[in-house]
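Residue numbers are given in the numbering used here: position 198 of the sequence shown equals residue 196, and the series is strictly consecutive.
The set of hints was computed from the structure by calculation and includes no laboratory data.
Heads up, a few of these hints could be off.
[Said to hold, decoys possible] Here are the computed distance ranges between Cβ atoms for each label pair:
hint, residue 1, residue 2, range
1, Asn82, Thr218, 39 to 45 Å
2, Asn62, Ile251, 43 to 49 Å
3, Thr218, Asn57, 40 to 46 Å
4, Tyr160, Ile183, 43 to 49 Å
Model, not experiment: these values are computed from the prediction.
Yeah, the Cβ is synthetic: ideal placement off N, Cα and C, and Gly gets one too.
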Amino acid sequence: MDMIKIQAVVAGAAAAVMAVITLVTDDDNHSNNHIPREPHVNRDYERELYMNRVLYSGNTHCINQIRMAPNAFLELCKALNASNLLRSTANVSIREQVLVFCHIIGHNVRFRVIGGRFHRSTETVHRYFKIVLQAILKLYKHVMKEPSNSTPPEISNSRRFYPYFKDCIGAIDGTHVRASVPLEIQGRFRGRKDGTTQNVLAAVTFDLRFSYVLAGWEGTAHDSRVLAYALSKPDGLNIPRGKYYLANAGYGIQNGIISPYRSVRYHLKEFGDRAPENEKELFNLRHSSLRTTAERAFGVLKKRFRVLDSEPFWSFGTQVDVGI
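Let the hints inform the model, and build the full structure from the sequences given.
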């Protein structure tokens, strides 16, 4: 190929490149002429407007958004502030910090989604989520109060349960909460349900209040082992002398724990239309009626806070803290 032909090829290629650049530039200009730029947003105003809409559009709307009523939310903010656990900063108020946190645990919403809603960076949302989580954990002793030594009214006012369970102060049970852990240890966390879980132990009073929670055990851990650990800790599950909790048969025989008779009908559905035939069956039936309090409490909690029954997206340490 002679020099003239080479020059012609180079010139043609250059012309083609210039044509493509011109076409792209014209297309960008054309797009800019027809697609308006996003208008300037007063982010502080938008945040306040959204928070007020959540808190002051009625109890139902507020509960749907942050899983608690406005009064409960404001009391939580007040408690965190009064305890010096949270402070408003120059840019983020306590109200916004807690509202963001409640949104996330209520609906298992990703940080970037909440960031878009509140006009905050993902890093800012993540940082304040951790701050609020640690602050709420410090309220544990104020919120998780040991049950009274007196007979619960749910027992004393029932001829079915009193005086037979007069020294019972609550029920204990475990639940499996979804867990995300490294591949090399996933085998230890594959519990009764599909996927990986952590085994969470809780003590519940008969008015559906949690009095103790222990999270972080792998899904394969046996219930009796988790309970034994909770009872052995200096700051663990405390059972006053002469009192006891009800538990299912999986927790075995422990001091202060009463489980049902084995190999005897227990759940109501096992009885069908037939009444209990002996003292053990009668005891088991009444035991079951009381102990299901813990199951109901877990059910209410998981229904309200989807983060407990969804695939987590943060570190396992944070997953344990959220479980508590």
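Status of each hint after checking the structure:
1. Asn82 to Thr218: 39 to 45 Å: holds, 40 Å
2. Asn62 to Ile251: 43 to 49 Å: 45 Å Cβ-Cβ, so the 43 to 49 Å window holds.
3. Thr218 to Asn57: 40 to 46 Å: Given about 42 Å between the Cβ atoms, the range holds.
4. Tyr160 to Ile183: 43 to 49 Å: The hinted range 43 to 49 Å holds for tyrosine 160 and isoleucine 183, with Cβ atoms some 47 Å apart.
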